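For the record, in the sequence shown the residue sitting at position 34 is 34 according to the numbering used here, with numbers rising by one throughout.
Don't read these hints as lab results, they were simulated from the structure.
Since this is a predicted model, take the numbers as computed values, not measurements.
Wrong hints could be hidden among the right ones.
[Stated by the list, open to error] Beta-carbon label-pair distances, calculated as ranges: (1) Glu5 with Asp49: 25 to 33 Å; (2) Thr7 with Asp49: 17 to 25 Å; (3) Thr7 with Ala48: 23 to 31 Å; (4) Glu18 with Pro43: 12 to 20 Å; (5) Thr8 with Asp49: 25 to 33 Å.
Backbone N, C-alpha and C define an ideal beta-carbon position, used for all residues, glycine too.
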Amino acid sequence: MQPEEFTTQSDAESWIGEHWRELRDGGADQVRLFEDGTEVYGPMSLHADQS
1 MQPEEFTTQS DAESWIGEHW RELRDGGADQ VRLFEDGTEV YGPMSLHADQ
51 S
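Produce the entire structure from the sequences given, and follow the hints as far as they go.
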């Protein structure tokens, strides 16, 4: 999956909420949100049993 760019953090969070299963099933274990190269939050697990 190609990296995505969003105009707002809310848009990015919504996208993650819609695509986290696809990301996990594709082999990703966690996601991070960056703004202009600075990590805003993360890592966030894509597995229900982890925080």
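Here is what the structure says about each hint:
1. Glu5 with Asp49: 25 to 33 Å: holds (30 Å)
2. Thr7 with Asp49: 17 to 25 Å: 33 Å Cβ-Cβ, so the 17 to 25 Å window is violated.
3. Thr7 with Ala48: 23 to 31 Å: holds (29 Å)
4. Glu18 with Pro43: 12 to 20 Å: For Pro43 against Glu18, whose Cβ atoms are near 19 Å apart, the range 12 to 20 Å holds.
5. Thr8 with Asp49: 25 to 33 Å: holds (30 Å)
Violated hints amount to a single one, hint 2; each of the other numbered hints is respected by the structure.
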